[in-house]
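Q: Given next are the chains, with one letter for each unit.
There are 2 protein chains.
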Amino acid sequence: MKILIIGSGNVATVLARLIYQFPAHKLLGIVARNQSNGRMLASAVNTDFFELNDQPLPKADLTILTTSDEPLTKFEPHIFDSTNLLVHTAGAVSKDVLKKYSANYGVLYPLQSLRKEVDYIPEIPFLIDSNSVKNTNLLIEFCSSIKSASEETNDEKRLAMHTAAVVVSNFTNHLYALANTFCDNRGLNFNMLHPLIMETAARLNYASPSSLQTGPAIRKDIVTIKNHLTVLDNHPRLKEIYALLTQSILGN
Amino acid sequence: MKILIIGSGNVATVLARLIYQFPAHKLLGIVARNQSNGRMLASAVNTDFFELNDQPLPKADLTILTTSDEPLTKFEPHIFDSTNLLVHTAGAVSKDVLKKYSANYGVLYPLQSLRKEVDYIPEIPFLIDSNSVKNTNLLIEFCSSIKSASEETNDEKRLAMHTAAVVVSNFTNHLYALANTFCDNRGLNFNMLHPLIMETAARLNYASPSSLQTGPAIRKDIVTIKNHLTVLDNHPRLKEIYALLTQSILGN
Numbered sequence: 001m002k003i004l005i006i007g008s009g010n011v012a013t014v015l016a017r018l019i020y021q022f023p024a025h026k027l028l029g030i031v032a033r034n035q036s037n038g039r040m041l042a043s044a045v046n047t048d049f050f051e052l053n054d055q056p057l058p059k060a061d062l063t064i065l066t067t068s069d070e071p072l073t074k075f076e077p078h079i080f081d082s083t084n085l086l087v088h089t090a091g092a093v094s095k096d097v098l099k100k101y102s103a104n105y106g107v108l109y110p111l112q113s114l115r116k117e118v119d120y121i122p123e124i125p126f127l128i129d130s131n132s133v134k135n136t137n138l139l140i141e142f143c144s145s146i147k148s149a150s151e152e153t154n155d156e157k158r159l160a161m162h163t164a165a166v167v168v169s170n171f172t173n174h175l176y177a178l179a180n181t182f183c184d185n186r187g188l189n190f191n192m193l194h195p196l197i198m199e200t201a202a203r204l205n206y207a208s209p210s211s212l213q214t215g216p217a218i219r220k221d222i223v224t225i226k227n228h229l230t231v232l233d234n235h236p237r238l239k240e241i242y243a244l245l246t247q248s249i250l251g252n
Numbered sequence: 001m002k003i004l005i006i007g008s009g010n011v012a013t014v015l016a017r018l019i020y021q022f023p024a025h026k027l028l029g030i031v032a033r034n035q036s037n038g039r040m041l042a043s044a045v046n047t048d049f050f051e052l053n054d055q056p057l058p059k060a061d062l063t064i065l066t067t068s069d070e071p072l073t074k075f076e077p078h079i080f081d082s083t084n085l086l087v088h089t090a091g092a093v094s095k096d097v098l099k100k101y102s103a104n105y106g107v108l109y110p111l112q113s114l115r116k117e118v119d120y121i122p123e124i125p126f127l128i129d130s131n132s133v134k135n136t137n138l139l140i141e142f143c144s145s146i147k148s149a150s151e152e153t154n155d156e157k158r159l160a161m162h163t164a165a166v167v168v169s170n171f172t173n174h175l176y177a178l179a180n181t182f183c184d185n186r187g188l189n190f191n192m193l194h195p196l197i198m199e200t201a202a203r204l205n206y207a208s209p210s211s212l213q214t215g216p217a218i219r220k221d222i223v224t225i226k227n228h229l230t231v232l233d234n235h236p237r238l239k240e241i242y243a244l245l246t247q248s249i250l251g252n
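So the sequence lines, in the order shown, correspond to chains A and B.
Numbered by the numbering used here, the letters in the first sequence go through residues 1 to 252 in order.
Numbered by the numbering used here, the letters in the second sequence go through residues 1 to 252 in order.
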């Protein structure tokens with residue numbers, strides 16, 4: 001498949017690197033506002049760099065619009081004249097914002113936290129959607145060709161999954177960050193918690209999280225909970241979060 | 001080292017299996033209230049089973065008291081007559097509760113979530129403490145001999161680390177559980193989130209969590225946050241947690 005990527009941020013970089021690993025596909029170019037990032041990425045995946053106002057852009061089977069959620073509606077429509085299928089990569093944006101750009105449009109949402117500074121490519125399941133069975137089948141085939149799982153998911157379900165992703169990833173990471181700050185303030189080595197963090201995530205492959213709940217709240221160990229709340233006296237925000245999540249586990 | 005383990009629950013089972021892998025150590029027995037679990041564990045690690053009132057117990061270099069936090073103070077003291085060093089494994093309990101049982105006592109707290117039904121042994125860092133330099137050195141040496149990291153940590157710091165462990169493991173798992181319920185209610189496949197969950201944990205090896213924060217809150221993307229809160233209208237507890245953690249990330 002001939003693929004054009006628009007953007008040079010985290011999503012563009014990781015998807016370009018991923019696609020570049022599969023010789024069945026040809027990256028036609030990186031199209032980006034940010035010249036320096038765009039040229040660097042194009043060079044890393046051995047393709048050409050284009051500016052947004054370059055005309056004409058190469059004719060693509062699939063154009064992946066990775067720019068952040070808001071400016072999705074702010075492109076000059078002629079940019080997408082030469083693509084067969086245009087997809088965006090946003091979890092919380094309707095596929096229909098692309099209707100004005102192309103007769104064939106859809107969504108290729110990577111259900112993963114992508115950071116270009118991480119030097120490996122994580123497993124990326126995709127939630128896909130489009131305006132026709134034919135286009136959806138093409139996206140299913142594309143995901144399969146890059147050895148990635150995919151599920152067809154409409155706007156409403158994709159927004160719900162995006163919400164769940166925020167809970168299991170962004171909030172989880174924020175808990176890590178709060179604990180890290182707490183450890184630093186107490187002269188504790190946060191890195192000692194890495195194996196515990198990894199294990200808590202990894203064992204979801206064995207059982208459902210509700211069956212794996214441990215800790216003072218699920219044991220209704222009120223003495224330990226009170227001791228912990230005292231420990232958190234100088235960390236009011238973390239204390240508030242501790243209290244709410246403990247209540248939630250206690251089922252109150 | 002000759003080692004006696006008291007208890008037959010999660011901590012006893014995983015520690016016994018771990019120690020059993022190292023022929024430098026000899027498991028003298030499993031001492032447990034629960035006969036059925038105790039006999040099964042003893043048999044699994046090729047050692048003897050003892051009841052709590054069996055006398056005399058074999059003479060050990062190290063006795064590991066793994067029973068849950070509360071009953072630590074409720075043993076007949078003579079049980080520990082024949083040990084050289086007695087340690088408990090609790091994060092939130094002072095080492096001094098063991099003073100009445102033995103002249104040599106301490107703590108060997110596994111900073112890991114241990115579940116006997118998981119068939120592999122995760123990496124386990126230990127927080128250690130004792131009543132003398134000699135005993136602490138012995139515990140350091142013991143951890144090293146079972147290829148595990150250790151850090152000397154007094155009661156106060158161990159309680160603080162236990163608090164942090166609850167935050168990064170119990171609360172994280174609870175977020176997974178809430179998201180799982182939410183996905184089930186919406187007909188979404190929670191398993192699609194596993195790679196994201198794993199990646200969020202794994203990349204802590206590369207950078208600090210605060211530098212890795214992603215999502216609508218850190219982008220101050222109020223539109224998406226509002227959309228997510230609407231999605232959570234029928235999940236009031238998760239909605240409350242979403243709002244609090246989002247405020248915390250926003251820095252409010």
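Be aware that one or more of the hints could be misleading.
Copies of one chain are not kept apart here, so a pair can be met inside one copy or by any two copies together.
To be verified - The calculated lysine-lysine pairs, modelled on DSBU-like cross-linking and capped at a C-alpha distance of 35 Å, are: (1) K134 to K239; (2) K74 to K99; (3) K226 to K2; (4) K2 to K239; (5) K26 to K239; (6) K226 to K26; (7) K59 to K226; (8) K99 to K59; (9) K59 to K239; (10) K116 to K99; (11) K239 to K220; (12) K59 to K2.
Derived by calculation from the structure, the hints in this document are not laboratory data.
Q: Each of the hints needs a verdict: does it hold here or not?
A: The hints, checked one at a time:
1. K134 to K239: Neither: 52 Å inside a chain and 37 Å across chains, both beyond 35 Å.
2. K74 to K99: Intra 13 Å, inter 71 Å, cutoff 35 Å: intra-copy only.
3. K226 to K2: neither (60 Å within a copy, 37 Å between copies)
4. K2 to K239: Neither. Shortest intra-copy (52 Å) and inter-copy (43 Å) distances fail the 35 Å Cα cut-off.
5. K26 to K239: Classified as neither; 52 Å inside a copy, 44 Å across copies.
6. K226 to K26: neither (60 Å within a copy, 39 Å between copies)
7. K59 to K226: This pair counts as neither: shortest intra-copy Cα distance 64 Å, inter-copy 38 Å.
8. K99 to K59: within (19 Å within a copy, 78 Å between copies)
9. K59 to K239: neither (56 Å within a copy, 45 Å between copies)
10. K116 to K99: Intra 29 Å, inter 54 Å, cutoff 35 Å: intra-copy only.
11. K239 to K220: Classified as both; 18 Å inside a copy, 23 Å across copies.
12. K59 to K2: within (8 Å within a copy, 73 Å between copies)
Of the hints listed earlier, those the structure fails to meet are numbers 1, 3, 4, 5, 6, 7 and 9, in rising order.
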